[in-house]
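Protein chains: 2
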Amino acid sequence: MSVSIIFYDIPSTHPSRTWSPNLWKTRYALNFKSVPYKTVWLEYPEIEGRCKEIGAPPSGAKPDGRPHFTLPVIQDLSTGAVISDSSKIAAYLDATYPDRPRLMPPGTTGLHRAFEEAARMQLDPISRYGPPASHKNLNPLSAEYFRRTREATWGKTLEELTPKGEEDAVEWKKLEDGFGKLDEWIRANGEESSYFMGDALTYADIFVAAYVHWIQLVLPEKWDEIKVWHQGRWAKLLKGLGDYETVV
Amino acid sequence: MSVSIIFYDIPSTHPSRTWSPNLWKTRYALNFKSVPYKTVWLEYPEIEGRCKEIGAPPSGAKPDGRPHFTLPVIQDLSTGAVISDSSKIAAYLDATYPDRPRLMPPGTTGLHRAFEEAARMQLDPISRYGPPASHKNLNPLSAEYFRRTREATWGKTLEELTPKGEEDAVEWKKLEDGFGKLDEWIRANGEESSYFMGDALTYADIFVAAYVHWIQLVLPEKWDEIKVWHQGRWAKLLKGLGDYETVV
Numbered sequence: 001m002s003v004s005i006i007f008y009d010i011p012s013t014h015p016s017r018t019w020s021p022n023l024w025k026t027r028y029a030l031n032f033k034s035v036p037y038k039t040v041w042l043e044y045p046e047i048e049g050r051c052k053e054i055g056a057p058p059s060g061a062k063p064d065g066r067p068h069f070t071l072p073v074i075q076d077l078s079t080g081a082v083i084s085d086s087s088k089i090a091a092y093l094d095a096t097y098p099d100r101p102r103l104m105p106p107g108t109t110g111l112h113r114a115f116e117e118a119a120r121m122q123l124d125p126i127s128r129y130g131p132p133a134s135h136k137n138l139n140p141l142s143a144e145y146f147r148r149t150r151e152a153t154w155g156k157t158l159e160e161l162t163p164k165g166e167e168d169a170v171e172w173k174k175l176e177d178g179f180g181k182l183d184e185w186i187r188a189n190g191e192e193s194s195y196f197m198g199d200a201l202t203y204a205d206i207f208v209a210a211y212v213h214w215i216q217l218v219l220p221e222k223w224d225e226i227k228v229w230h231q232g233r234w235a236k237l238l239k240g241l242g243d244y245e246t247v248v
Numbered sequence: 001m002s003v004s005i006i007f008y009d010i011p012s013t014h015p016s017r018t019w020s021p022n023l024w025k026t027r028y029a030l031n032f033k034s035v036p037y038k039t040v041w042l043e044y045p046e047i048e049g050r051c052k053e054i055g056a057p058p059s060g061a062k063p064d065g066r067p068h069f070t071l072p073v074i075q076d077l078s079t080g081a082v083i084s085d086s087s088k089i090a091a092y093l094d095a096t097y098p099d100r101p102r103l104m105p106p107g108t109t110g111l112h113r114a115f116e117e118a119a120r121m122q123l124d125p126i127s128r129y130g131p132p133a134s135h136k137n138l139n140p141l142s143a144e145y146f147r148r149t150r151e152a153t154w155g156k157t158l159e160e161l162t163p164k165g166e167e168d169a170v171e172w173k174k175l176e177d178g179f180g181k182l183d184e185w186i187r188a189n190g191e192e193s194s195y196f197m198g199d200a201l202t203y204a205d206i207f208v209a210a211y212v213h214w215i216q217l218v219l220p221e222k223w224d225e226i227k228v229w230h231q232g233r234w235a236k237l238l239k240g241l242g243d244y245e246t247v248v
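Protein sequences appear in the order of chains L and F.
Residue numbers for the first sequence follow full-length UniProt numbering, so the first one is 1 and each next one is one higher.
Residue numbers for the second sequence follow full-length UniProt numbering, so the first one is 1 and each next one is one higher.
In case anyone wonders, no lab produced these hints; they're calculated from the structure.
Bear in mind the structure is a predicted one, so any value in this text is a computation, not a measurement.
Don't take every hint at face value.
Copies of the same chain are indistinguishable here, so a pair counts whether it falls within one copy or spans any two.
Simulated pairs of lysine to aspartate or glutamate, DMTMM-like, Cα-Cα distance not exceeding 25 Å [stated by the list, open to error]:
id: 1; residue 1: K52; residue 2: D99
id: 2; residue 1: K181; residue 2: E144
id: 3; residue 1: K174; residue 2: D199
id: 4; residue 1: K52; residue 2: D177
id: 5; residue 1: K164; residue 2: D99
id: 6; residue 1: K88; residue 2: E117
id: 7; residue 1: K181; residue 2: D124
id: 8; residue 1: K62; residue 2: E184
id: 9; residue 1: K174; residue 2: D124
id: 10; residue 1: K173; residue 2: E117
id: 11; residue 1: K174; residue 2: E117
id: 12; residue 1: K181; residue 2: E117
id: 13; residue 1: K227; residue 2: E167
id: 14; residue 1: K174; residue 2: E48
id: 15; residue 1: K62; residue 2: D177
id: 16; residue 1: K38; residue 2: E225
id: 17; residue 1: K164; residue 2: E191
Just chain L, same shape as in the assembly (with noise of 0.2 Å):
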């Protein structure tokens, strides 16, 4: 099978180069999938132009009502689908490869849409740690971009993003019961599960484990303690996505 999807990422000076945890949500997708794809990278302020020359669609709109142009984006040179968003992504690879392994299995794609949903929730802390080790590892041209457009959204720095002294210690301990209730969902299908569909390795893992790699990634002093927890079930996450971390 020749290449027939390009895959939009955004670049940092990591040596995987690929750091985003919705980007990864995407890249671990077209791995588990196996359809031949090519990343194209992408600076920040380069992702609005590229996204309305081949006609990707807004993934929302800005605070000021503008569309706003986010990556992870596809390009199906085959089809001539062009799709904005991990979660369309991933059903759209599923509708249009069912041949391929399936991301979310038949029945299921409206229950992880929901699940999208919880666990974005549970992990939502993560959202006050993640940018700022982020932004330290973008080029010049995201790193400036990032910073402006970042924190004239949230009304305070970068620095200021980070929970320090006691807030740091509710913030780590909210994230640290959030994974706990991630941990009780698979439990739910069994003790031994590995994972939310028990044995069965599928998109809600990929969403959880975006998450996981991109913490392990930015805030490697962080990821010892998270490593650790609920008998070390997001590093063995993490490992059972080792085939699927590839950057091509």
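With chain L fixed as given, assemble chain F onto it according to the hints.
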């Protein structure tokens, strides 16, 4: 099969007697599994004593730290098990009666658990409307207990809980948007899907239908609005569960 399960429920003056969403979850589940059961009705002040008597575990802790005993509880005379909490009861029924229709198809118990969190969040505004309306049809013993304990927990009267005026407009819109999100999850399986797992009715549908049934019963004027939302989706959902609403 002779009656093997006692199901504890809270009565009201409605013709169906049953009314509470959490109790509807278990009643629907028992009827769906087609496991013979009979209802034992307990007024609110009788719940804690009976739970302790039969060894039902508390479902959580009260604000002051004492154990909180709540219904639903089922007592399975054939196994000796006594289970509290609608979610645990559903898992118990699937594990103990695997030859009966599955509430949660194999591999989906963890996703269902996440679904419950996500759906509860979307339906959150209901908790401002439902309890005051429910109170009106409780028997005097339960009504006094319900008002006293709920008002202590919330720090406001039942009458103050119900959103009014502008706040009503805001909260009701939030609820409509929440149902809109649930509608999206159903449609994620395909536009023609009727249920959260596509064509198959599962515990996710029961979970949501329990709240819908509650509103239909205690707030008929609000139900007139909900039943036309999303192309009549929620009226159809209740109809789909019509075979499982028997009260025995």
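Taking the hints in turn, this is what the structure says about them:
no.: 1; hint: K52 / D99; verdict: neither (31 Å within a copy, 54 Å between copies)
no.: 2; hint: K181 / E144; verdict: neither (36 Å within a copy, 35 Å between copies)
no.: 3; hint: K174 / D199; verdict: neither (28 Å within a copy, 37 Å between copies)
no.: 4; hint: K52 / D177; verdict: neither (41 Å within a copy, 29 Å between copies)
no.: 5; hint: K164 / D99; verdict: neither (49 Å within a copy, 54 Å between copies)
no.: 6; hint: K88 / E117; verdict: both (14 Å within a copy, 22 Å between copies)
no.: 7; hint: K181 / D124; verdict: both (13 Å within a copy, 19 Å between copies)
no.: 8; hint: K62 / E184; verdict: between (35 Å within a copy, 22 Å between copies)
no.: 9; hint: K174 / D124; verdict: both (9 Å within a copy, 21 Å between copies)
no.: 10; hint: K173 / E117; verdict: both (20 Å within a copy, 19 Å between copies)
no.: 11; hint: K174 / E117; verdict: both (17 Å within a copy, 16 Å between copies)
no.: 12; hint: K181 / E117; verdict: both (13 Å within a copy, 10 Å between copies)
no.: 13; hint: K227 / E167; verdict: within (22 Å within a copy, 44 Å between copies)
no.: 14; hint: K174 / E48; verdict: neither (35 Å within a copy, 31 Å between copies)
no.: 15; hint: K62 / D177; verdict: between (31 Å within a copy, 20 Å between copies)
no.: 16; hint: K38 / E225; verdict: neither (34 Å within a copy, 50 Å between copies)
no.: 17; hint: K164 / E191; verdict: neither (36 Å within a copy, 47 Å between copies)
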